[in-house]
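Below are the chains, spelled out letter by letter.
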Amino acid sequence: MAYNVLIVDDSQTMRKVIRKTVMISGFELGDCWEAGDGLEALEIMKAHWVDLILTDLNMPRMDGLEMIREMRRDGMHQRTPVVLITTEGNEKRLEEAYALGIKGYIQKPFHPESIRDLLTRVMEEYHV
Amino acid sequence: MYEDIRQAAIAVSSRIFETMFFVFLEPIDPSQEDPPRTGSFVKDPPGPLFSASILRGEIGFTGRYGGTLGVYLPLEMAQSMAKDFLGVDQGEVLLSQILDMVGELSNMICGNLFSTLDSKTIYHLTLPKASKMSGQEMDRAPERTGLVIDFSADDQRLRVVIQLES
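Chains as they are written, first to last, in numbering that gives the first Met the number 0: chain A, 0 to 127; chain B, 0 to 165.
Same shape as in the complex, but just chain A (with noise of 0.2 Å):
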């Protein structure tokens, strides 16, 4: 099953580098989408059937955990799995993060297998 994957980073280059990993990493990547921060991403999930994020933490207009937020104020995207991928390995804004309901955390740099593996464990306790 190939999955919707939004891909939130305000850098244009690891956007690519991420959507590039993902492919090679052997998860099945359906449609795929980039935003440059959370309000872009929030629009594009109003648009599309998104069924995961790959966000980043630190971001204009809006950050990754304020986007989290206004997800799950949003019905329709409570149970959307989230996994951040940041430079960011603090434990503080980790437990926010984690309290918020993400699925999980990968800090730059990162490995493809790391990717994969984090990506086909979030999908599978989904769809349990």
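What the hints contain is simulated information worked out from the structure, not anything from laboratory work. Some clues are possibly wrong.
Stated by the list, open to error - A few chain B residues that face chain A, going by a derived Cβ cut-off under 8 Å, partial list only:
(1) T18
(2) M19
(3) V22
(4) F84
(5) S114
(6) L126
For glycine and all other residues, C-beta sits at the position ideal for the given N, C-alpha and C.
Given the coordinates of chain A, assemble chain B onto it according to the supplied hints.
Using the frame of chain A, we list chain B on its own:
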């Protein structure tokens, strides 16, 4: 304090370059340079060291420590890294993409550095920015003060500068 930061910055930078760019950094031992230019709190290291076009990525941080972190690398090296990073031919890589990658590089080093040094303190990072400068400009830049760590890779020199606010 500076030695802890220096050691962590060397480890983090090396890991990021290796994992994301397949570039292997060799820290330059300041004791092997005469006069010493890097490796401790250098007030005014002598130049010039960089003659080619340089790309600078910079990010600010606040937390237990506050300041800025800058990454400097030769344009040719950044072009080659961006080509591998994006999986495109060198001619297709735009300067805007290379600058974006260099800004993200400073973001990765800074985020990893402070989560390595102190994972319990929240550090707020600014949005990274990147610019192109000449080697001469770099030698005149205020970044000549601070914790300066030089590396060699593929016969080229690159630099990480951490400036802490007092």
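Here's how the hints hold up against the structure:
| no. | hint | in the structure |
| --- | --- | --- |
| 1 | T18 | holds (4 Å) |
| 2 | M19 | holds (4 Å) |
| 3 | V22 | violated (12 Å) |
| 4 | F84 | holds (6 Å) |
| 5 | S114 | holds (3 Å) |
| 6 | L126 | holds (6 Å) |
Checked against the numbered hints listed earlier, the structure breaks hint 3 alone; every other hint is satisfied.
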